[in-house]
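K.L.:
Residues per chain are reported as follows:
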Amino acid sequence: MARRALAAGVLCLLTAGCTFAQNPQVPADQTSTLKVGDMAPDFELPDHNGNMIKLSDFRGKQSVVLAFFVLAFTGG
Amino acid sequence: MHNYRDSLQQFRELDAQVLGISVDAGPSLKVFAEQNGVNFPLLSDFQRVASAQYGVLNQERGFANRATFVIDREGKIKHIEVGRTAIEVAGALNACRK
Numbered sequence: 001m002a003r004r005a006l007a008a009g010v011l012c013l014l015t016a017g018c019t020f021a022q023n024p025q026v027p028a029d030q031t032s033t034l035k036v037g038d039m040a041p042d043f044e045l046p047d048h049n050g051n052m053i054k055l056s057d058f059r060g061k062q063s064v065v066l067a068f069f070v071l072a073f074t075g076g
Numbered sequence: 001m002h003n004y005r006d007s008l009q010q011f012r013e014l015d016a017q018v019l020g021i022s023v024d025a026g027p028s029l030k031v032f033a034e035q036n037g038v039n040f041p042l043l044s045d046f047q048r049v050a051s052a053q054y055g056v057l058n059q060e061r062g063f064a065n066r067a068t069f070v071i072d073r074e075g076k077i078k079h080i081e082v083g084r085t086a087i088e089v090a091g092a093l094n095a096c097r098k
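In the order they appear, the protein sequences are chains Z and L.
Take this note's numbering: the last position of the first sequence gets the number 76, and nothing is skipped along the way.
Take this note's numbering: the last position of the second sequence gets the number 98, and nothing is skipped along the way.
Keep in mind that the hints were calculated from the coordinates and are not lab data.
Hints are supplied without guarantee of correctness; some may be wrong.
As the list claims (entries may be wrong) - Straight-line Cα separation of at most 25 Å, DMTMM-like style, residue types lysine to aspartate or glutamate; simulated pairs:
#1 L:K78 - Z:D42
#2 Z:K61 - L:E13
#3 L:K76 - Z:D29
#4 L:K76 - Z:D38
#5 L:K76 - Z:D47
#6 L:K78 - Z:D57
#7 L:K30 - Z:D57
#8 L:K78 - Z:E44
#9 L:K78 - Z:D47
#10 L:K78 - L:E88
#11 Z:K61 - L:E60
#12 Z:K54 - L:D15
#13 L:K30 - Z:D42
#14 Z:K54 - L:E13
#15 Z:K61 - L:D15
#16 Z:K54 - L:D72
#17 Z:K35 - L:E60
#18 L:K76 - Z:E44
#19 L:K98 - Z:D57
#20 Z:K35 - L:E88
#21 Z:K54 - Z:E44
#22 L:K78 - Z:D38
#23 L:K98 - L:D72
#24 L:K78 - Z:D29
#25 L:K98 - Z:D29
#26 L:K30 - Z:D29
#27 Z:K54 - L:E74
#28 L:K30 - Z:D47
#29 L:K98 - Z:D42
#30 L:K30 - Z:E44
#31 Z:K35 - L:D15
#32 Z:K35 - L:E74
Extracted from the complex, chain Z is given alone in its bound form (with noise of 0.2 Å):
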């Protein structure tokens, strides 16, 4: 019976993480507004050191990698 209710309360626990972890409407190859394969929105926006960057100049150039972070919950 305790060995039940234990699983009762891990399983809650996984699913109460898996919903805070990511929205279940949305794969996790996609966002609520974009999918692979489609044009990436274009932006120009300040670096840390003031340099303004835009998307769009590396077009014809270089890939780019852009990691979305949040700086105070950065672990790695």
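Here the structure of chain Z is known, so what remains is to put chain L in place on it, guided by the hints.
P.N.:
Frame of chain Z; chain L shown alone:
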């Protein structure tokens, strides 16, 4: 970002430019880059426009979820990784090799 810093040479060999992007303000990013030896640009999406365009903005909390996009030379998205695995560089490196 440490993983990207440590793997930057591999991305360079694949002729890929790494860009970090965060909703944090420029001065915070500058301090972070200096303290952690970040050797690629960290973009400040303080207005959260790019985060919204890319569909990674967490509306409730106001920051962008962890996500990685690999964009080919034509400007087309060839790889998307959302969530915890986006911390790792393996998926992005593989996509750059294709």
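K.L.:
Now, for every hint given, state plainly whether the structure supports it.
P.N.:
Each hint, compared with the structure:
{"no.": "1", "hint": "L:K78 - Z:D42", "verdict": "holds (15 Å)"}
{"no.": "2", "hint": "Z:K61 - L:E13", "verdict": "holds (14 Å)"}
{"no.": "3", "hint": "L:K76 - Z:D29", "verdict": "holds (14 Å)"}
{"no.": "4", "hint": "L:K76 - Z:D38", "verdict": "holds (6 Å)"}
{"no.": "5", "hint": "L:K76 - Z:D47", "verdict": "holds (22 Å)"}
{"no.": "6", "hint": "L:K78 - Z:D57", "verdict": "holds (18 Å)"}
{"no.": "7", "hint": "L:K30 - Z:D57", "verdict": "holds (23 Å)"}
{"no.": "8", "hint": "L:K78 - Z:E44", "verdict": "holds (21 Å)"}
{"no.": "9", "hint": "L:K78 - Z:D47", "verdict": "holds (24 Å)"}
{"no.": "10", "hint": "L:K78 - L:E88", "verdict": "holds (17 Å)"}
{"no.": "11", "hint": "Z:K61 - L:E60", "verdict": "violated (37 Å)"}
{"no.": "12", "hint": "Z:K54 - L:D15", "verdict": "holds (17 Å)"}
{"no.": "13", "hint": "L:K30 - Z:D42", "verdict": "holds (23 Å)"}
{"no.": "14", "hint": "Z:K54 - L:E13", "verdict": "holds (22 Å)"}
{"no.": "15", "hint": "Z:K61 - L:D15", "verdict": "holds (9 Å)"}
{"no.": "16", "hint": "Z:K54 - L:D72", "verdict": "holds (15 Å)"}
{"no.": "17", "hint": "Z:K35 - L:E60", "verdict": "holds (23 Å)"}
{"no.": "18", "hint": "L:K76 - Z:E44", "verdict": "holds (17 Å)"}
{"no.": "19", "hint": "L:K98 - Z:D57", "verdict": "holds (22 Å)"}
{"no.": "20", "hint": "Z:K35 - L:E88", "verdict": "holds (20 Å)"}
{"no.": "21", "hint": "Z:K54 - Z:E44", "verdict": "holds (4 Å)"}
{"no.": "22", "hint": "L:K78 - Z:D38", "verdict": "holds (8 Å)"}
{"no.": "23", "hint": "L:K98 - L:D72", "verdict": "holds (10 Å)"}
{"no.": "24", "hint": "L:K78 - Z:D29", "verdict": "holds (10 Å)"}
{"no.": "25", "hint": "L:K98 - Z:D29", "verdict": "holds (16 Å)"}
{"no.": "26", "hint": "L:K30 - Z:D29", "verdict": "violated (30 Å)"}
{"no.": "27", "hint": "Z:K54 - L:E74", "verdict": "holds (14 Å)"}
{"no.": "28", "hint": "L:K30 - Z:D47", "verdict": "holds (8 Å)"}
{"no.": "29", "hint": "L:K98 - Z:D42", "verdict": "holds (23 Å)"}
{"no.": "30", "hint": "L:K30 - Z:E44", "verdict": "holds (18 Å)"}
{"no.": "31", "hint": "Z:K35 - L:D15", "verdict": "holds (23 Å)"}
{"no.": "32", "hint": "Z:K35 - L:E74", "verdict": "holds (16 Å)"}
Hints 11, 26, counting from the list given before, are not met by this structure.
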